[in-house]
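A.B. asks: Now for the letters of each chain:
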Amino acid sequence: MDLKEKLVSSFLAFENHVDIDGYIHDVRSDAIKVFEEKGFPSKKEEDWKYTSLNSVLKEDYSVFPKQENALDYKDVKKYFIHDIDTYKIIFIDGKYSSHLSQTTHDGIDVCLMSSALNKPKYQLIIENYFNKAATKDSLASLNTAFSNEGAYIHIPKNKVVEKPIQILHFSTGKESATMLQPRNLIVVDENSHVQIIERHQSLTNNPVLTNSVTEIFTNKRAIVDYYKIQNDNQHASLIDNTFIKQKRESLASVHTFAFGGKLIRNNLNFYQEGERLDSTLKGITIIGDKQHVDHNTLVHHIEPNCESHQDYKGIFSDSSTGVFNGKVLVNKEAQKTNAFQSNNNILLSDKASINTKPQLEIFADDVKCSHGCTIGQLDESAMFYMRSRGIPEKEAKALLMFAFSNNVLSSVKIPELKQRITKIIANKLGVNLGFDL
Amino acid sequence: MSKYTEDDLREELKTKEYEYGFYTDIESDTFPNGLNEDIVRAISKRKEEPEWMTEWRLEAFKVWKEMTEPEWANVHYKKPDFQGISYYSAPNSKPKYDSLDEVDPELLATFAKLGISIDEQKKLANVAMDVVVDSVSVATTFKKTLGEKGIIFMSISEAIKEHPELVKKHLGTVVPQKDNFYAALNSAVFSDGSFCYIPKGVRCPMELSTYFRINQAGTGQFERTLVIADEGSYVSYLEGCTAPSRDENQLHAAVVELIALDDAEIKYSTVQNWYPGNAEGKGGVFNFVTKRGLCEKNAKISWTQVETGSAVTWKYPSCVLKGDNSVGEFYSIAVTNNYQQADTGTKMIHLGKNTKSTIISKGISAGKSQNSYRGLVQINSRAENARNFSQCDSLLMGNECGAHTFPYIEAKNKTAKIEHEATTSKIGEDQIFYCNQRGIDTEKAIALIVNGFSKDVLNKLPMEFAVEAQKLLEISLEGSVG
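Protein chains in written order, with the working numbering: chain A, 3 to 439; chain B, -1 to 480.
A portion of the hints provided could be inaccurate.
Said to hold, decoys possible - Derived DMTMM-like pairs (lysine to aspartate or glutamate); straight-line CA-CA distance at most 25 Å:
#1 B:K366 / A:E363
#2 A:K46 / B:D228
#3 A:K40 / B:D454
#4 A:K292 / B:E382
#5 B:K77 / A:D280
#6 A:K51 / B:E69
#7 B:K345 / A:E382
#8 B:K345 / A:E17
#9 A:K370 / B:E69
#10 B:K354 / B:D454
#11 A:K329 / B:D177
#12 B:K351 / B:E427
#13 A:K338 / B:E427
#14 B:K176 / A:E418
#15 A:K46 / B:D177
#16 A:K370 / B:D177
#17 B:K424 / A:D352
#18 B:K345 / A:D352
#19 B:K351 / A:E382
What the hints assert, rightly or not - A few chain A residues that don't get close to chain B, going by computed Cβ distances all over 10 Å:
#20 K334
#21 K353
#22 T358
#23 Q361
#24 D368
#25 S372
#26 G378
Said to hold, decoys possible - Where chain A lies over chain B, by a calculated footprint (3+ residues, C-beta under 8 Å):
#27 391 to 402
#28 405 to 411
#29 418 to 428
The hints are simulated quantities; they were obtained by calculation from the structure and are not laboratory data. Where a beta carbon is used, it is the ideal one built from N, C-alpha and C, also for glycine.
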């Protein structure tokens, strides 16, 4: 039985497990129908031209979590940003771990999707926001059909959340192959400000497939900074679908740090539904082996006077493949749009490849839209300069790569996170530069 | 576009044809609608082609039957009914005039704006020419000069008969029959086209142009062009002309193949100004063209195109950079107005070492038109030190048109250096104001700015062509400023 059939047939069983609430039940049933009709995307689809899911889908995944597993904090401490105080929402094999988490209902709601879906207190928010940003494509629908658990964050008006929120998903590999479908909903009301760090981590060599959907709503003048750390092992694959709806004068930024995993696909979609707002999409990809990272971004400019900035850097070695497919869509009403997109890549090996497609679709005339894309190598004269001053080749290369990705790193607003990422990069490059950038 | 009144002309032409009893006259020369093996055989037979050619066509037809029309392009139109078209008709279906006075004054006005000489005007408007100025004589002198150098320049049907070895060797090597839907259709039914062969080490002394060749009056619906530049030779080839062409054919599916052998250089320039449909988007030509060039060692192919006509354009002149150190270039201006749609761009396939490609594309959209650039730059794993530079700029006029870019970049070699940049902008109010202030009216000012915007590409055109193309840009955008 292939994965699609398995998922469709498990749907009933899944619905029996969870409480069937009228509204959510309908949303789920509609979604499974969409998935049943469309199935998993194939390479024939334009958006999936360069990424094949075949190698990932062939495993026999257990499709929803059956048992609760526990982990000791000391074993997984290294995956946390632990040197600062944070709220934490931790999941182990798709189940919430109250032991490791630190949630709150004090003025803001940082809690669980499962309780939000079931408690009447949250019903209004769920009905207003749940599944309102996610598109009806097959993978997002699949997630919607099985949506049950994930992070639920609601920041009411005029709140600055004083510490970041960490969302971590661990998989322990107790089952031979696991498929996880976390579902996050983040609603930030007027003038509020929140920072969120998300990470998926597999602790075993058993295959894990995560198909995650995150919906983020930023209301008037809200500020959201979202950081994704993707540094998983060789057996974990991640399909991350993020949908962000912005209202006027809000600022939203998403930083994606893709350093590892078997296959990573990031579908990042911004919808600008107000004037004078700003969207930032940045990413660093450093991969090797046979890894595959695909960034698929969409910025839809719907209203006038908005800005968007995209900056993706990629360094590819060994037999890795990188894909960047960035789309900027400017509606005819969206005059005075300022959209900027840049994608720079370095290929370090002859077996590595990069496919990039920066795409502009523009229907308004008074706009400033530009995109730039480069593929190149490390500057030999710069290398020579450093080598002639006694810097070993490996360190010299690493320095150049740091400099190359610095544009993205410099806009990370949490210093501890920045340090952590610098360390991860240094580790990946196998160097110790002896300083923090 | 109102000044063109192409629509009126079209109407006029239609009625005139009936006046002359045109259809009854050539009945015997027109095949019944539809396409099947018999029709393909009949076309081949009519053209007195050898057996291998007939087989080649049939092979293409077989492939075509299995294929479906491509739908990925960013254009929307009602698909032509391929069984509703007659695949062979007499080429000269235009009415003849006795003198220029009979020709529509609007058309003449356009000619005058383009600065076309009286003789050429006559030829274009299909006026019978007296012997003295007949360009046959021009053509004959040309032929003599070319003949001395050993250059072969003739229609492809003649070439099939006279130089079968060359045609057989090269036809379909760059664009195979099964390349795509329209290429397959063209391979099966192509009516005529040009063939050009430049021998080793010869530098063609003049610009070769279909436009001056009398033996090919009026371009066919399914044109096939094959240009072969042998080792170390050079040729500059012009296709089309700037004058508005009132072609009656709805569907054009041409195939152009260029072969540049070691150290050869081909410069191929196109100006396309077919009937774009009226201001409401009715009618107009569908232009589905496959153009591709193959570069051997140290060879260079340069495509330059100015696309202003056709209701729907689907065209990607490409270069396969097979040989080491070969160079591919693509310079394009695509102008769309009213309801025109253009999806055009290029493919640069880098296979050899040290290959270089340059892409400069300028898109100008006005009215309710859609203009897309779609390009592919592919660096294969053996293409060491490949270099590409691409630049796509779009200019929008009004907020009902669209400009799109779909650049695909695929790199499989670490030594590749690729740069791509694209910008979209509109004509600045300050620029217009500056011109107005100095006594240049808005229409002229826009023409000035557009010409400046397209300068990089216009500079690549042969000189006479460039002057005409500049004016053509002006005319194409007439009335687009509100």
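A.B. asks: Does the structure keep K370 of chain A and E69 of chain B at a Cα separation of 25 Å or less?
C.D. replies: violated, 30 Å
A.B. asks: Does the claim that K334 of chain A lies outside the interface with chain B hold up, using a Cβ gap greater than 10 Å?
C.D. replies: About 5 Å separates K334 of chain A from the closest Cβ of chain B, which leaves it inside 10 Å; violated.
A.B. asks: Next pair to validate is K366 of chain B with E363 of chain A; report whether the Cα-Cα distance is within 25 Å.
C.D. replies: holds, 15 Å
A.B. asks: Check the hint pairing K345 of chain B with D352 of chain A against an upper bound of 25 Å on the C-alpha distance.
C.D. replies: holds, 22 Å
A.B. asks: Taking C-beta pairs only, is D368 of chain A more than 10 Å away from all of chain B?
C.D. replies: violated, 6 Å
A.B. asks: Between K292 of chain A and E382 of chain B, does the CA-CA distance stay at or below 25 Å?
C.D. replies: Given pair K292 of chain A, E382 of chain B holds - Cα atoms ~22 Å apart, limit 25 Å.
A.B. asks: Given the hint that K40 of chain A pairs with D454 of chain B, test it: the Cα-Cα distance must not exceed 25 Å.
C.D. replies: Violated, at about 46 Å.
A.B. asks: Is the Cα-Cα distance between K370 of chain A and D177 of chain B 25 Å or less?
C.D. replies: violated, 38 Å
A.B. asks: Say whether it holds or is violated: G378 of chain A keeps its Cβ farther than 10 Å from all Cβ of chain B.
C.D. replies: violated, 5 Å
A.B. asks: Just to be careful, I want the Cα atoms of K424 of chain B and D352 of chain A compared with a cutoff of 25 Å; is the pair within it?
C.D. replies: With Cα atoms ~41 Å apart, K424 of chain B and D352 of chain A exceed 25 Å; violated.
A.B. asks: Closer than 8 Å, Cβ to Cβ, for at least three residues: run that test on the stretch 391 to 402 of chain B against chain A and report holds or violated.
C.D. replies: With 10 residues close enough to chain A, the hint holds.
A.B. asks: Is it the case that K353 of chain A keeps its Cβ farther than 10 Å from each residue Cβ in chain B?
C.D. replies: violated, 8 Å
When the structure is compared with the earlier hints, violations turn up for hints 2, 3, 5, 7, 8, 9, 11, 12, 14, 16, 17, 20, 21, 22, 23, 24, 25 and 26 and for no others.
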